[in-house]
Amino acid sequence: RRTIPHRAVVVAVLAARARVDMVLLVLYVKAELENVASITFPSDIQYRFDVKDAQSDEAKQGVYLCADEVAEVDGGRGDANFAMRFPDCKKQCTVSFTPVKGVTRDTITAEDSGAFVPIMGFDCRGLELTKWTPTEGLVVTSAGNTKWEGVDLGADPDGWFEYCEKCGESVGITELEFEFRTHKAK
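Residue numbers (our numbering): 977 to 1162.
In case anyone wonders, no lab produced these hints; they're calculated from the structure. Worth double-checking, as some hints may not be accurate.
[To be verified] Label pairs and their calculated CB-CB ranges:
1) K1077 - D1128: 23 to 31 angstroms
2) P1133 - G1052: 38 to 46 angstroms
3) T1158 - A1047: 49 to 57 angstroms
4) G1130 - G1078: 27 to 35 angstroms
5) D1033 - D1055: 23 to 31 angstroms
6) R1024 - C1065: 35 to 43 angstroms
7) T1158 - T1083: 19 to 27 angstroms
8) E1155 - A1035: 25 to 33 angstroms
9) Q1031 - A1131: 28 to 36 angstroms
10) P1018 - R1157: 16 to 24 angstroms
[Said to hold, decoys possible] Okay, derived cross-link-like pairs now, DSSO-like style, lysine-lysine, Cα gap no bigger than 30 angstroms in a straight line:
11) K1107 - K1066
12) K1066 - K1028
13) K1160 - K1123
14) K1036 - K1123
Glycine included, every Cβ here is placed at the ideal spot set by N, Cα and C.
Kindly generate the complete structure, drawing on both the sequences and the hints.
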């Protein structure tokens, strides 16, 4: 029978706990597209989320995250794109943008109309993302190749509408929905 040194047991337990605390959530977005060739999520876009403490019912609304921003993690344990503490929690909570190769993509195309598309992965430690609210900064390209930048799909609950003079057609994005799915690496 092989004995494991005490220190190795502690390291193994801590590593197992770290895996349990880490959740990779993927944001999926669905919309009905009318004469829209694509919706692009630029790398510098600010994502707006409502978040919840993973250990309690504490929540915070309207938290902004951006892949271009870097926050230090307590104890010099690296960086994250977002770090915060809930008032009744000692532990720092972090979120890091984590694109998932072969899964996430930054563009919804006309062929995706009405289907959920995986946009971005988020490595969440100590908190859960509960709601996504669109913010300005999206790039919409019409079927006629007209481009609108800084689009806010959350500005009007009925949708986003424009007119493309190049193709002489109305352009619209409606029935916007989102969901989070837990990603499990293969």
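Worksheet item: Do the Cβ positions of T1158 and T1083 conform to the proposed distance bound of 19 to 27 angstroms?
Response: holds (23 angstroms)
Discussion item. If I claimed the Cβ atoms of P1018 and R1157 lie 16 to 24 angstroms apart, would that claim hold in this structure?
Written reply: holds (23 angstroms)
Worksheet entry | C1065 and R1024 - C-beta distance against the hinted 35 to 43 angstroms | 22 angstroms Cβ-Cβ, so the 35 to 43 angstroms window is violated.
Fill in: Satisfaction of the hinted span 49 to 57 angstroms by the C-beta atoms belonging to T1158 and A1047
violated (23 angstroms)
Fill in: Satisfaction of hint between K1123 and K1160, Cα-Cα up to 30 angstroms
Violated, because 36 angstroms separates the two Cα atoms, which is more than 30 angstroms.
Item to complete: Verify the proposed pairing of K1066 with K1028, using a straight-line Cα cut of 30 angstroms.
Response: holds (15 angstroms)
Worksheet item: Does the alpha-carbon distance linking K1036 and K1123 stay inside the 30 angstroms limit?
Response: Outside the cut-off at roughly 34 angstroms; violated.
Fill in: Pair hint outcome, K1107 versus K1066 [Cα-Cα no greater than 30 angstroms]
holds (24 angstroms)
Practice prompt. Please test the hint of 25 to 33 angstroms on the beta carbon pair from E1155 and A1035.
Written response: Between E1155 and A1035, where Cβ atoms are some 18 angstroms apart, the hint is violated.
Worksheet item: Has the hinted range 28 to 36 angstroms been met by the Cβ atoms of Q1031 and A1131?
Response: About 35 angstroms separates the Cβ atoms of Q1031 and A1131, which means 28 to 36 angstroms holds.
Worksheet item: Taking the beta carbons of D1033 and D1055, is their distance inside 23 to 31 angstroms?
Response: This hint holds: roughly 29 angstroms between Cβ atoms.
Fill in: Satisfaction of the hinted span 38 to 46 angstroms by the C-beta atoms belonging to P1133 and G1052
Holds, since P1133 and G1052 (Cβ atoms, about 44 angstroms apart) stay within the stated range.
Violated hints for the displayed structure, listed by number in ascending order: 3, 6, 8, 13, 14.
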